[in-house]
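Participant: Protein sequences appear in the order of chains A and B. If you read the first sequence in my numbering, its first letter stands for residue 1, the second for the next number, and so on. If you read the second sequence in my numbering, its first letter stands for residue 114, the second for the next number, and so on.
Hints are computed from structural coordinates only; laboratory data are not their basis. Keep in mind that this is a model prediction, so the values were computed, not measured. Honestly, I wouldn't trust all of these hints.
Stated by the list, open to error - In silico EDC-like cross-links for lysine to aspartate or glutamate, where the CA-CA straight-line distance does not exceed 20 Å:
| hint | chain 1 | residue 1 | chain 2 | residue 2 |
| --- | --- | --- | --- | --- |
| 1 | B | Lys158 | A | Glu85 |
| 2 | A | Lys57 | B | Asp207 |
| 3 | A | Lys3 | B | Glu152 |
| 4 | B | Lys170 | A | Glu85 |
| 5 | B | Lys212 | A | Glu85 |
| 6 | A | Lys59 | B | Asp140 |
| 7 | A | Lys57 | A | Glu44 |
| 8 | B | Lys181 | B | Glu152 |
| 9 | A | Lys57 | A | Glu68 |
| 10 | B | Lys212 | B | Asp140 |
| 11 | A | Lys78 | A | Asp100 |
| 12 | A | Lys57 | B | Glu139 |
| 13 | A | Lys57 | B | Asp162 |
| 14 | B | Lys182 | B | Asp207 |
| 15 | A | Lys3 | B | Glu139 |
| 16 | A | Lys59 | B | Glu139 |
| 17 | A | Lys59 | B | Asp162 |
| 18 | B | Lys184 | B | Glu118 |
| 19 | B | Lys181 | B | Asp197 |
| 20 | A | Lys59 | B | Glu118 |
| 21 | A | Lys53 | B | Asp207 |
| 22 | B | Lys158 | A | Glu68 |
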Amino acid sequence: GPKVLQIPSHQIIDMGQMVTLNCDPVSNHLYFYWYKQILGQQMEFLVNFYNGKVMEKSKLFKDQFSVERPDGSYFTLKIQPTALEDSAVYFCASSGGDQDTQYFGPGTRLLVL
Amino acid sequence: GEQVEQLPSILRVQEGSSASINCSYEDSASNYFPWYKQEPGENPKLIIDIRSNMERKQIQELIVLLDKKAKRFSLHITDTQPGDSAMYFCAASDSNTNKVVFGTGTRLQVLP
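In isolation and in its complexed conformation, chain B is listed as follows (with noise of 0.2 Å):
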């Protein structure tokens, strides 16, 4: 199993609100999620990563969540702005491949 549904594939919210993103993976071996934000034109970037020996963490707006015995993790962006406006990728990877599976992608819309 190799697969990692990205869910919603597109997310508009109100400025100042909060928006949430979930994945689900397949492979029980998974055991670091990193997400990557991804402007039009450019490279994915890094924003926050989290490893399977913690449940949540938090850096400034961003939080992610992980719940290891359904699979499933998440991002939340409170207090939105216009910047936050991308795509943005989830992905999970194992230790013992060192390969990253992405996410299908969820494009985030800001509106003023």
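This is chain A alone, in the form it adopts within the complex (with noise of 0.2 Å):
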């Protein structure tokens, strides 16, 4: 079926610094979205993004948080600065339109010391 890729699957980094997660969506696929997972408990929805814009986001993104897609490349979530509290499992979704099916990326473990 349809993959969505992220890269990196792992990243480690000191509280303060930033950190930019990649998701690479399926090719036809025109809206992304960033979920938050801490081991063992919800998925917890951070943004949608449509048409180089944020449609929707919820409380848990924060000030801190920014997402781009320059020039159809990868979608970014970039955190500035990281806070300990960020650590967790960054998931990517894309999808072809409303509500259509949302194919999950492998996620990104993000850990900040």
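Both chains are given apart, each in its own frame, so use the hints to dock them into the complex.
Facilitator: Put into structure tokens, the structure is as follows:
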């Protein structure tokens, strides 16, 4: 089936540093999403993105977070500066349209020390 | 209202029996309800979904029911197998916001 790729698979950084998580969505998809999952807990919606703009974001999407997809390349989530509570697995997802199936990437495991 | 409640949090069943997971949502504008299965260390994978114009959908051993009036939906796995052991998440989506809210998850263990 369609595949979403995420780079890197793991990232360890010191608190206060910047991190960029990269997502390579399914090629013809138009809607992109980021979710945060702390080990063993539920997936929590962060943000969705369409046509170069953030459509909806949750309370978890702090001011330190930003997303972009410059020139149709990777869909990125940047955290600057990072905090200890940002440690989690971040999943990217993409879909072809409103409520079409969201395909999830394998996740990036972020550890902030 | 953006909560999706999911129960039970842990479910243990004997192989061959059925398993049921129940979810309720608050946002009456929700009209799409996917179910995801997540194995340890893996990403969530869609296993079945239902839209608000349906009350029941079945794919092989998976059955989903939707009661829009009560704002409840459920997943039923008939004839469970050890390979069904995983985390299961329900979710509710509103086409106006295109935002998916996940339930809190159910850890299903199918015992041999």
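Participant: For each hint, tell me whether it holds in the structure or not.
Facilitator: Against the structure, the hints:
1. Restraint check for Lys158 of chain B and Glu85 of chain A: the C-alpha separation of about 26 Å exceeds 20 Å, so the hint is violated.
2. Taking the CA atoms of Lys57 of chain A and Asp207 of chain B, the gap is near 14 Å; set against the 20 Å cutoff, the hint holds.
3. Pair hint Lys3 of chain A plus Glu152 of chain B holds up; C-alpha atoms about 17 Å apart against a cutoff of 20 Å.
4. With a C-alpha separation of about 39 Å, the suggested pairing of Lys170 of chain B with Glu85 of chain A is violated against the 20 Å cut-off.
5. Distance check on the hinted pair: Lys212 of chain B and Glu85 of chain A sit about 23 Å apart at the alpha-carbon level, beyond 20 Å; violated.
6. In summary, the hint linking Lys59 of chain A to Asp140 of chain B is supported, as the alpha carbons are separated by about 17 Å, within the 20 Å threshold.
7. Between Lys57 of chain A and Glu44 of chain A the alpha-carbon distance is near 11 Å, which keeps this suggested pair within the 20 Å criterion.
8. With a CA separation close to 29 Å, the supplied pair Lys181 of chain B and Glu152 of chain B exceeds the 20 Å bound.
9. About 13 Å separates the Cα atoms of Lys57 of chain A and Glu68 of chain A, which keeps this hinted pair within 20 Å; it holds.
10. Between the alpha carbons of Lys212 of chain B and Asp140 of chain B the distance comes to roughly 11 Å, so the proposed pair stays at or under 20 Å and holds.
11. Our distance criterion of 20 Å between C-alpha atoms is broken by Lys78 of chain A and Asp100 of chain A, whose separation comes to about 26 Å.
12. Pair hint Lys57 of chain A plus Glu139 of chain B holds up; C-alpha atoms about 18 Å apart against a cutoff of 20 Å.
13. Restraint check for Lys57 of chain A and Asp162 of chain B: the C-alpha separation of about 23 Å exceeds 20 Å, so the hint is violated.
14. Distance restraint check for Lys182 of chain B and Asp207 of chain B: the Cα-Cα separation of roughly 16 Å lies within the 20 Å cut-off, and the hinted pair is therefore satisfied.
15. With a CA separation close to 32 Å, the supplied pair Lys3 of chain A and Glu139 of chain B exceeds the 20 Å bound.
16. Straight-line distance between C-alpha atoms of Lys59 of chain A and Glu139 of chain B comes to about 18 Å, which keeps the hinted pair within the 20 Å bound.
17. Taking the CA atoms of Lys59 of chain A and Asp162 of chain B, the gap is near 26 Å; set against the 20 Å cutoff, the hint is violated.
18. Only pairs whose Cα atoms come within 20 Å are accepted, and Lys184 of chain B paired with Glu118 of chain B is accepted, the gap being roughly 11 Å.
19. With a CA separation close to 27 Å, the supplied pair Lys181 of chain B and Asp197 of chain B exceeds the 20 Å bound.
20. Proposed proximity of Lys59 of chain A and Glu118 of chain B is supported: the alpha carbons are some 18 Å apart, at most 20 Å.
21. At roughly 18 Å between alpha-carbon atoms, Lys53 of chain A and Asp207 of chain B fall within 20 Å of each other, so this suggested pair holds.
22. About 25 Å separates the Cα atoms of Lys158 of chain B and Glu68 of chain A, which puts this hinted pair outside 20 Å; it is violated.
The earlier numbered hints that this structure contradicts are 1, 4, 5, 8, 11, 13, 15, 17, 19 and 22.
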